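Single-letter residue listing:
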Amino acid sequence: MTAAELIATAAFENGVFAQAFPAFGVERRGAPVQAFVRFADRKIRLRSQIYEPDYIIVQDSTLIKDVNVFGGMKKGGIAVINTEKGGAWNVPEGVRLVTLNATRIALEALGVPITNTALMGAFAAASGEISMDAMEKVIRHRFGKDLAEKNIDAARRAYAQVKGGA
Amino acid sequence: MMQFMEGSLAVADAVRLCRPQVISAYPITPQTHIVEALADMVANCTLDAEYITVESEFSALSACIGASAAGSRVYSATTSQGLALMFEVCFNVAGMRLPIVMTIVNRALSAPLSIWNDQQDSISLRDSGWMQLYAEDNQEATDLHYLAYRVAEDHEILLPAMVCFDGFILSHTYEPVETLSQDQVDAYLPAFRPYQRLDAADPISFGMFASPDYYMEFRYEIDRALERAKERIARAGKEFGKQFGRDYSALVEGYQLEDAETAFVAMGSLCGTVKDAIDEMRAQGKKVGLLKIRCYRPFPGPDIAKALAGVKRVAVLDKNISLGSKGAVGLEVKDALYGSGIAVYDYIVGLGGRDLKKSDIAAIAALAEKGQGDQFYGLRQEVLR
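Listed in order, the protein sequences are those of chains A and B.
Going by this note's numbering, the first residue of the first sequence is number 1, and it counts up by one from there.
Going by this note's numbering, the first residue of the second sequence is number 1, and it counts up by one from there.
Just so you know, not all the hints are guaranteed correct.
Claimed, not checked - Using 25 angstroms as the maximum straight-line C-alpha spacing, the simulated BS3-like pairs for lysine-lysine come out as follows:
| hint | chain 1 | residue 1 | chain 2 | residue 2 |
| --- | --- | --- | --- | --- |
| 1 | B | K312 | B | K358 |
| 2 | A | K43 | B | K238 |
| 3 | B | K306 | A | K43 |
| 4 | A | K75 | A | K65 |
| 5 | B | K358 | A | K75 |
| 6 | B | K230 | B | K358 |
| 7 | B | K334 | B | K286 |
| 8 | A | K75 | B | K242 |
| 9 | A | K43 | B | K286 |
| 10 | B | K306 | B | K334 |
| 11 | B | K242 | A | K74 |
| 12 | B | K370 | A | K43 |
| 13 | B | K312 | B | K334 |
| 14 | B | K230 | B | K306 |
| 15 | B | K312 | B | K326 |
| 16 | B | K358 | A | K74 |
| 17 | B | K358 | B | K287 |
| 18 | A | K163 | A | K85 |
| 19 | B | K358 | B | K326 |
| 20 | B | K287 | A | K43 |
| 21 | B | K242 | A | K43 |
To be verified - Listed next, with one range per pair, are the computed distances between beta-carbon atoms:
| hint | chain 1 | residue 1 | chain 2 | residue 2 | range |
| --- | --- | --- | --- | --- | --- |
| 22 | A | K163 | B | G378 | 53 to 59 angstroms |
| 23 | B | S211 | A | R42 | 55 to 61 angstroms |
| 24 | A | G76 | B | L384 | 50 to 56 angstroms |
| 25 | A | G76 | B | E227 | 18 to 24 angstroms |
Just so you know, the hints here were simulated from the structure itself, not pulled from any lab data.
These figures come from a predicted structure and were not determined experimentally.
Idealized CB from N, CA, C, for every residue including glycine.
So that you can see chain A by itself, here it is in the shape it has in the complex (with noise of 0.2 angstroms):
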């Protein structure tokens, strides 16, 4: 949820409408969750959850054998994965595959494996949705100054990454 607040709130801070849920009610670290995020250039008003995703992002590439991460997936729409070793995963054909490992960008700059700001730098750098400069206001109005610069670390270690293998 935080990921998705985090990205929600850097599109906002683009100027565009954005609205994050999470798929309510067991949010915790360690459980399978979801979370949702919609961008519009008007006011959303849709309540519904997300069922054909332009955008995936997988906080922890073992749930894909579990979840069918891809439901709803079409052409043209992208798969940000965080993984160590990649898979053999059934990715929709169009749909672009972005594999980074996220946990160790955060255990390098965060000390801690919490993907969510890494794994923003690398949905903004696939998806070109929201910007650098948004990301880093946003990482900084939400974390205190050290854990602000080391997560914007994060951040960009995983955009530049995303970008040079692009």
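With chain A held as given, fit chain B onto it using these hints.
Below, chain B without anything else, positioned relative to chain A:
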């Protein structure tokens, strides 16, 4: 100022700006973020209020009664089982004519336990004498708190109000909300001026005993006050529009109703999804519209009859069920349209957090066109027999 924030925190901030003097609440999902935020504000001295911690919702609202009777502006918030535990106290608040405002973060009732959204909790308190306002989005959820205090404390009304917004679907959603400044809110909502209050130097009693010779008159007075509240809500909503640009003078609000043949009726966050579904159906040439009920108590029957006068059929979307009967809103819409010849179909939807998509709204329109209604929508097939 436009801010991107969680619904619960937007509501907590609006409550702060209403300058409540006493808050008492018991935390319960999905209301918790609101009362946590208010407790923080009191602890950090950004809100000058007494926060009374208690062991249950029954005690929370009871503490609110005492504080309100003593002449304070009072706030509470709850949901689901918490509201159920307040049942007895709710009737007392209205009977004592105490203008308490309480946020209801709508959630299903047990058993089986569900923390997810429907509107069974507040709908089940529809007969308690409280005003009930339902918010479509977090902007409306915040704004309705200012309006609720203003109307509740009006000496012609003196009744409590529930501001209802959908649990998780709104409370835990981050979206843009235009927040007001303290000066703006102060200009709209004057300080609480009690009509009467507990005073040791001049003792009075609240909510005592009424014999059969008098009890009915007390109930009549509450009912008349609710009737007067329609006009006061409209006036306060219009004034809000004048000051802040968002007009809440309509107790019910139409969307694409002008030439509609099929009209949905809904309350709360579902209205947003229905509006998007209507745009899609209109693009395919279907004449559909929505009547959103913002004010459920008092029930604006004549406004509903007027707004729906031109339609062929009505599909009421009820996030509640009066078990053994029908959806509560559907029943009253039927009453409002009695004798009009307009077909009214009721659909029980979204109980316990069951998600509703635009395609579901289109499917319900198709059912109404076929004359199939008064049913649960979207049930698992295995229960049907």
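Status of the hints after comparison with the structure:
no. : hint                                   : in the structure
1   : B/K312 with B/K358                     : 22 angstroms, holds
2   : A/K43 with B/K238                      : 22 angstroms, holds
3   : B/K306 with A/K43                      : 29 angstroms, violated
4   : A/K75 with A/K65                       : 22 angstroms, holds
5   : B/K358 with A/K75                      : 22 angstroms, holds
6   : B/K230 with B/K358                     : 32 angstroms, violated
7   : B/K334 with B/K286                     : 23 angstroms, holds
8   : A/K75 with B/K242                      : 48 angstroms, violated
9   : A/K43 with B/K286                      : 23 angstroms, holds
10  : B/K306 with B/K334                     : 13 angstroms, holds
11  : B/K242 with A/K74                      : 46 angstroms, violated
12  : B/K370 with A/K43                      : 33 angstroms, violated
13  : B/K312 with B/K334                     : 13 angstroms, holds
14  : B/K230 with B/K306                     : 15 angstroms, holds
15  : B/K312 with B/K326                     : 21 angstroms, holds
16  : B/K358 with A/K74                      : 19 angstroms, holds
17  : B/K358 with B/K287                     : 16 angstroms, holds
18  : A/K163 with A/K85                      : 20 angstroms, holds
19  : B/K358 with B/K326                     : 24 angstroms, holds
20  : B/K287 with A/K43                      : 23 angstroms, holds
21  : B/K242 with A/K43                      : 22 angstroms, holds
22  : A/K163 with B/G378: 53 to 59 angstroms : 44 angstroms, violated
23  : B/S211 with A/R42: 55 to 61 angstroms  : 60 angstroms, holds
24  : A/G76 with B/L384: 50 to 56 angstroms  : 39 angstroms, violated
25  : A/G76 with B/E227: 18 to 24 angstroms  : 56 angstroms, violated
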